[in-house]
Every structure is written in C-alpha cells, then in structure tokens.
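Student: What follows is each chain in one-letter form.
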Amino acid sequence: MSEPLLELRGLSTHYESARGTRVTRAVDDVSLTVERGTTLGIVGESGSGKSTLALSIMRLLPPAARIVGGQIRFEGEDLLRKSPAEMRAIRGKRIAMILQDPMASLNPLFTIGDQISESLRVHEGASRKSAWTRARRLLEAVRISAPAARMTEFPHQMSGGMRQRIVGAIAVACEPRLLIADEPTTSLDLTIQAQYLSLLRDLQREHHLAMIFITHNLGIVARMCDAVAVMYAGRVVEAGPIREIFNEPAHPYTRALLESVPRLTDDSHARLPAIDGQPPDPSAPPPGCAFHPRCPQRRPRCEAEAPPVTRVGAGHTARCWLHAP
Amino acid sequence: MNASTAAVLVETPRRAARRLSSYPVVPLAIIVLMLLVAIGADVVAPHDPEIGSLGLRFKPPAWQAGGSADHLLGTDHLGRDVLSRLLFGARVSLVVGFTAVIVAGLLGVAFGIAAGYLGGWVDEVIMRLTDTWLALPALTFAIFLAAVLGPSELNIVIVLAAVYWTRYARVIRGEVLSLKEREFVRLAIIAGCSRLTIMRRHILPNVLNSAIVLATLMLGVVVVTEAALSFLGVGVPPPKPAWGLMLADGKRGLMAGYWWLTVLPGLCIMLLVLAANLLGDWLRVKLDPQLRQL
Numbered sequence: 001m002s003e004p005l006l007e008l009r010g011l012s013t014h015y016e017s018a019r020g021t022r023v024t025r026a027v028d029d030v031s032l033t034v035e036r037g038t039t040l041g042i043v044g045e046s047g048s049g050k051s052t053l054a055l056s057i058m059r060l061l062p063p064a065a066r067i068v069g070g071q072i073r074f075e076g077e078d079l080l081r082k083s084p085a086e087m088r089a090i091r092g093k094r095i096a097m098i099l100q101d102p103m104a105s106l107n108p109l110f111t112i113g114d115q116i117s118e119s120l121r122v123h124e125g126a127s128r129k130s131a132w133t134r135a136r137r138l139l140e141a142v143r144i145s146a147p148a149a150r151m152t153e154f155p156h157q158m159s160g161g162m163r164q165r166i167v168g169a170i171a172v173a174c175e176p177r178l179l180i181a182d183e184p185t186t187s188l189d190l191t192i193q194a195q196y197l198s199l200l201r202d203l204q205r206e207h208h209l210a211m212i213f214i215t216h217n218l219g220i221v222a223r224m225c226d227a228v229a230v231m232y233a234g235r236v237v238e239a240g241p242i243r244e245i246f247n248e249p250a251h252p253y254t255r256a257l258l259e260s261v262p263r264l265t266d267d268s269h270a271r272l273p274a275i276d277g278q279p280p281d282p283s284a285p286p287p288g289c290a291f292h293p294r295c296p297q298r299r300p301r302c303e304a305e306a307p308p309v310t311r312v313g314a315g316h317t318a319r320c321w322l323h324a325p
Numbered sequence: 001m002n003a004s005t006a007a008v009l010v011e012t013p014r015r016a017a018r019r020l021s022s023y024p025v026v027p028l029a030i031i032v033l034m035l036l037v038a039i040g041a042d043v044v045a046p047h048d049p050e051i052g053s054l055g056l057r058f059k060p061p062a063w064q065a066g067g068s069a070d071h072l073l074g075t076d077h078l079g080r081d082v083l084s085r086l087l088f089g090a091r092v093s094l095v096v097g098f099t100a101v102i103v104a105g106l107l108g109v110a111f112g113i114a115a116g117y118l119g120g121w122v123d124e125v126i127m128r129l130t131d132t133w134l135a136l137p138a139l140t141f142a143i144f145l146a147a148v149l150g151p152s153e154l155n156i157v158i159v160l161a162a163v164y165w166t167r168y169a170r171v172i173r174g175e176v177l178s179l180k181e182r183e184f185v186r187l188a189i190i191a192g193c194s195r196l197t198i199m200r201r202h203i204l205p206n207v208l209n210s211a212i213v214l215a216t217l218m219l220g221v222v223v224v225t226e227a228a229l230s231f232l233g234v235g236v237p238p239p240k241p242a243w244g245l246m247l248a249d250g251k252r253g254l255m256a257g258y259w260w261l262t263v264l265p266g267l268c269i270m271l272l273v274l275a276a277n278l279l280g281d282w283l284r285v286k287l288d289p290q291l292r293q294l
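From first to last, the protein sequence lines are chains A and B.
The opening position of the first sequence corresponds to residue 1 in the working numbering, with each subsequent residue numbered one higher.
The opening position of the second sequence corresponds to residue 1 in the working numbering, with each subsequent residue numbered one higher.
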C-alpha cells in the first residue's frame with residue numbers, strides 16, 4: 001500500500017500557563033492516518049482536543065500551545081520541520097481549512113470575487129483576470145445561482161448558507177489535497193446543513209480531496225466519513241473504519257456515545273441514555289484511563305494504568321483494558 | 001414590506017427636507033469656502049499680503065469712520081491689507097493643517113496596525129512610546145520641537161505630525177486588536193497570507209473609517225496648535241500671513257482700539273476649527289453603524 005496522505009505519529013500538544021505551572025494536555029500521544037481521497041471523522045465532546053488537533057496540523061496554534069512531541073507527515077514530509085514561510089505556502093494551497101462561522105469568515109469590505117481570487121493570486125500568482133474567471137467557475141461549482149452577478153456582491157448581501165458555500169469555494173480554490181473542516185455546519189439550519197454536506201461530498205469526489213471532518217454529530221459522521229476517530233480528554237480512545245465503529249464499538253465511551261443518539265424507529269418512551277458525570281478537567285485528568293470515573297465497565301486496573309493502544313480488528317484500534325492482551 | 005421600502009415609496013417634501021438637514025451643510029460650506037479662498041487667494045485678494053504702505057497704517061474696516069472701500073477689513077501696523085492677509089492666511093492654515101493631519105495619520109495608522117497586529121515587543125515599544133508622548137503636554141512639546149527645528153512651514157508640519165501621531169496609533173491599535181480576532185482574519189491566515197498581506201488587505205481597509213473620522217477631528221486641534229505656535233513666534237515665520245501670526249501682531253493694538261487686528265483672525269481660526277469639529281462629529285455618527293439610525 002502506498003504511503004498515506006497524512007500520518008500523525010504520537011502527536012502531543014500541550015497548553016502551558018504563563019509560569020509553566022499548569023500544563024494542559026490538549027492532544028496527547030495521538031496517532032492517526034488519512035488516506036488520499038477519504039474522509040476521517042473526529043468526534044468527541046467539547047474540550048476533547050479536536051480543534052487543537054486540527055490547529056496543530058495547520059501549525060496555527062495560539063502562543064500558549066506547544067507541540068511537545070510526535071510527527072506530522074504530510075505527503076511524505078514532516079510538517080513540524082517546515083519554516084514559517086514554507087508552512088504559509090502549504091496552508092491554503094495543499095491543506096485548506098473551513099471554519100465554523102460562515103457569517104464572520106468573509107471580509108465585509110471586499111466583493112465575493114475578490115475574496116475567492118485572493119488565494120489564487122497569492123499561491124499561484126494568477127493574474128487578476130484569470131483568477132477572476134476561475135473564481136466564477138468555482139462559484140458555479142458550489143452551486144451559487146447567477147455566479148457572474150454574485151461575484152461583484154458583498155458578503156452582507158448573501159445568506160448564511162451561501163456564505164458557507166463561498167467559504168467552501170475559497171477552500172478548494174487552489175485544489176488542496178487535504179481539507180480540514182472544523183464543525184462547518186454547526187451554525188447552519190438543518191436543510192442547509194444537508195445541502196452543504198452533499199456539496200462537500202461532491203467537491204471531494206471532483207477534486208479527489210481527503211477530508212478531516214471535526215464534529216460532535218454522529219449522524220454527520222455516518223453520512224460523510226470513511227473512518228472515524230473518537231477523542232476523549234486529548235486521546236484517541238478508538239479509531240477505525242466507520243462500519244466497524246458503528247456496528248461493533250470496542251470502547252465503552254464510543255458505545256455510550258452511540259447509545260445516546262435518539263432514533264426515529266424507537267417507539268418506546270424510555271429516557272435517552274446519557275453518560276453519567278462530567279468530562280474531566282483537561283489540566284488534571286484522572287489517573288489511568290481518563291474515562292474510568294464514568295465507565296460502566298471499569299476495573300481496578302483502569303484507575304491505575306493508562307491502557308495501551310490495542311488492535312481489535314482490521315484497521316480498528318482502541319485504548320481500553322477490556323481489549324488489552 | 002419593510003419600513004425602508006415604505007419610506008422610499010412615500011417621500012414627502014418634509015422628509016426630503018429632513019434628509020438634506022441631516023448633512024452638515026454649514027460646516028461643509030465653511031470648509032469648502034475656505035478651501036476655494038485658499039486656492040484662489042492670488043485672484044481674490046485685493047492687495048499683496050506682505051507689502052504694506054506705512055502711510056496707511058491702522059486703517060479701520062470700511063464700515064467704520066475713517067475706513068475706505070479700498071481696504072474692506074482695514075490695515076495693520078505696517079499698512080498691510082487685513083482682508084488679503086486673512087485670505088492668504090487660509091492657505092497657510094489649510095495647507096499646514098491638512099498635511100500635518102495626513103502625515104500624522106499615516107504614521108499613526110502604520111504604527112497602530114503594527115502594534116495591534118504584531119503584538120509582542122513591537123506593541124510594547126510603540127505603546128510605551130505613545131504613553132510617554134501623551135504624558136507630555138502637547139503644546140509644550142510642540143514648542144520645544146519647533147524651537148529645535150527652527151521656524152518654517154515644513155518644520156511646523158513635522159512638529160505637528162510628530163506630536164499628534166500617537167492619538168491615531170492608540171485608537172487604531174484598539175480597533176486592530178478586535179479585528180484580528182475576527183474569523184475573516186483567521187481565514188486569511190489559514191489561506192496562507194503573510195502577515196504583511198493581512199495587515200494591508202484585511203486590517204487596513206477596516207480601520208480606514210476610524211482613521212478618517214479621527215483625522216477630521218484632529219484637523220481642528222492641529223489648526224489651533226499651528227496658530228498657537230505662530231502666535232508664540234516658533235511657527236510660520238513672518239512676514240508670511242498666518243492667522244496665529246496676525247493675532248500676535250495685533251495684540252498690542254487691541255488696547256488702542258484696533259480690534260479688527262485680533263478679532264478677525266481669531267474669528268477665522270474659530271470658524272475653521274468649529275467647522276472641522278462639526279464635520280468630524282457628523283462623520284463619526286455617519287460611519288459608525290452603531291450610532292447611525294437606520
């Protein structure tokens with residue numbers, strides 16, 4: 001098998017307080033791979049380290065955060081060894097990202113055409129005219145009606161769904177190999193969400209894009225992703241192909257997440273199962289397995305030692321003592 | 001149908017009048033008039049502003065006893081025509097005022113954006129510098145600088161820009177601090193723009209509104225300071241006609257009843273400053289969506 005597009009090996013990103021007294025392990029020893037043209041979903045509760053993971057890959061962490069270990073291999077190169085200028089050339093060109101809030105993602109003072117052309121001109125040195133033509137074709141590709149007229153309009157003249165599609169057009173403008181989408185649909189309403197997701201799928205097929213899809217919505221994961229990684233307190237507790245995870249979840253946390261999804265086919269009026277307790281304080285996670293205080297199947301060993309990564313199926317791994325040899 | 005389309009459909013004369021009155025007609029008229037006069041001073045002025053005739057000293061304005069239609073606003077202690085001097089003085093005040101405001105604005109906006117966007121030691125250095133600047137009384141500082149540089153119109157501009165750029169830098173830095181956390185700036189970073197590109201393309205256009213409002217309000221301050229420096233003899237060198245200089249020359253005659261030598265240039269300064277401030281206030285409301293009533 002050829003080399004994966006993106007491979008994280010033991011990546012750890014920590015936040016340190018000003019005097020270095022408190023260390024928050026936002027991302028802790030994460031290893032993941034993304035194959036070309038496929039979608040990896042990353043799910044987890046708020047604060048589980050999903051966004052920090054995405055920002056680590058882009059090397060756009062806030063000043064307090066530091067990548068303390070591991071490797072990020074992208075198309076065979078280690079991104080952690082790139083200079084800031086080299087990273088700038090990669091961002092937007094080879095790795096693109098879509099942010100959460102479409103309302104605020106566009107500069108209010110420039111026309112749509114200018115903003116889509118911008119990255120074409122920055123990264124490919126395209127002339128104003130050719131960038132403009134390509135931008136118009138991109139608008140067509142993201143299914144905006146009357147693209148020629150929309151090119152000269154300003155963001156405030158568009159609806160939220162349109163703006164999010166424009167952000168999508170900007171993201172794929174330079175034909176990136178990898179697209180990171182950080183909860184791109186949370187601020188859209190449901191019908192627009194569905195349209196946007198199918199648009200992303202189409203773009204992915206057309207451009208042979210790989211995607212990392214960050215969300216806490218398991219329904220979206222089921223629809224969009226080929227593989228999924230479940231994060232809890234900065235660690236990937238389970239990862240594998242989508243079918244395996246949904247049909248045979250190995251980790252109790254994954255199982256609990258899946259059980260807490262409401263089902264239309266369920267006629268019983270029983271209460272929806274919820275996970276007891278609170279997610280741990282990331283700066284002071286419990287010893288051993290971070291999930292043990294909330295785990296229905298905990299054993300004495302879970303409180304003392306962190307479980308190792310264990311292979312439970314083809315491409316399917318879990319960090320849980322239930323499956324450790 | 002919403003309120004604004006309804007308003008368009010029934011535009012009564014009363015409404016049209018109100019719309020006109022929402023423009024600052026008077027301040028705009030004053031400034032435009034002064035600009036025209038400053039540009040066309042050579043044509044409009046009846047006499048040479050720097051050459052007088054000693055035989056015609058202290059002539060009162062035309063409407064007072066002893067005045068003549070030849071010198072509408074009278075003459076000064078050297079027999080120079082006051083009207084001509086006022087007209088040419090508008091040129092000095094406006095040229096110095098506008099250039100100083102623009103130069104200070106360019107400096108202040110550049111430093112403000114650099115401080116706000118780059119942060120770290122750049123921010124630290126620029127902000128401590130502006131703190132120091134603001135701790136010094138502006139006029140005293142200006143007098144000191146002017147005394148060092150010597151009197152000339154170019155030096156006045158340098159002095160005024162050097163004294164007032166910090167006013168812009170502070171305001172602009174504050175704006176940039178909030179702008180740089182906005183999503184579209186983050187998106188630009190993600191798209192691989194360099195810091196320079198982001199400051200130029202995404203930050204600068206978004207702070208221009210504030211800079212323009214500030215510049216208009218600063219025009220008044222700068223004009224008064226220029227007049228004060230000229231009055232104190234460290235500004236525009238005589239015999240050039242500057243309003244501040246005319247005030248200084250006229251003050252000795254005030255007690256002797258030669259009121260026109262001080263009142264008239266004073267009035268000109270006051271009108272210009274008032275017009276600039278009114279225009280600035282109006283612009284601020286107009287350009288600030290929060291204050292603008294739609």
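Hints listed in this document are in silico derivations from the structure and should not be mistaken for laboratory results.
Don't take each hint at face value.
Stated by the list, open to error - Computed, partial: chain B to chain A, Cβ under 10 Å:
#, residue
1, P46
2, L134
3, A135
4, P137
5, A138
6, F141
7, E183
8, R186
9, I189
10, R201
Keep in mind it's a predicted model, so treat the numbers as computed, not measured.
No residue lacks a Cβ here, since even glycine has one placed at the ideal position from N, Cα and C.
Student: Hint by hint, note whether the structure agrees.
Tutor: Do the hints match the structure? See the list:
Given the 10 Å rule on beta carbons, the hint for B/P46 is violated: about 49 Å separates it from the nearest Cβ of chain A. A cut of 10 Å between beta carbons decides the hint on B/L134: the least distance to chain A is about 28 Å, and the hint is violated. Annotation: B/A135 was flagged as interfacial toward chain A, and the flag is violated, the nearest CB pair being 28 Å apart, outside 10 Å. Contact between B/P137 and chain A, as hinted, is not supported at the beta carbon level, the nearest pair being about 37 Å apart and thus beyond 10 Å.
Taking 10 Å as the C-beta cut-off, the interface hint given for B/A138 is violated, the closest approach to chain A being about 33 Å. Checking B/F141 against chain A by beta carbon gives a least distance of about 36 Å; that is not within 10 Å, so the hint is violated. With its C-beta approaching chain A no nearer than about 4 Å, B/E183 sits inside the 10 Å limit, and its interface hint holds. With its C-beta approaching chain A no nearer than about 6 Å, B/R186 sits inside the 10 Å limit, and its interface hint holds.
Against a cut-off of 10 Å between C-beta atoms, the interface hint on B/I189 holds, since the closest Cβ of chain A lies about 6 Å away. The criterion of a C-beta within 10 Å of any C-beta in chain A is met by B/R201, whose closest approach is roughly 7 Å, and the hint holds.
The structure is inconsistent with the numbered hints 1, 2, 3, 4, 5, 6, although it conforms to all the rest.
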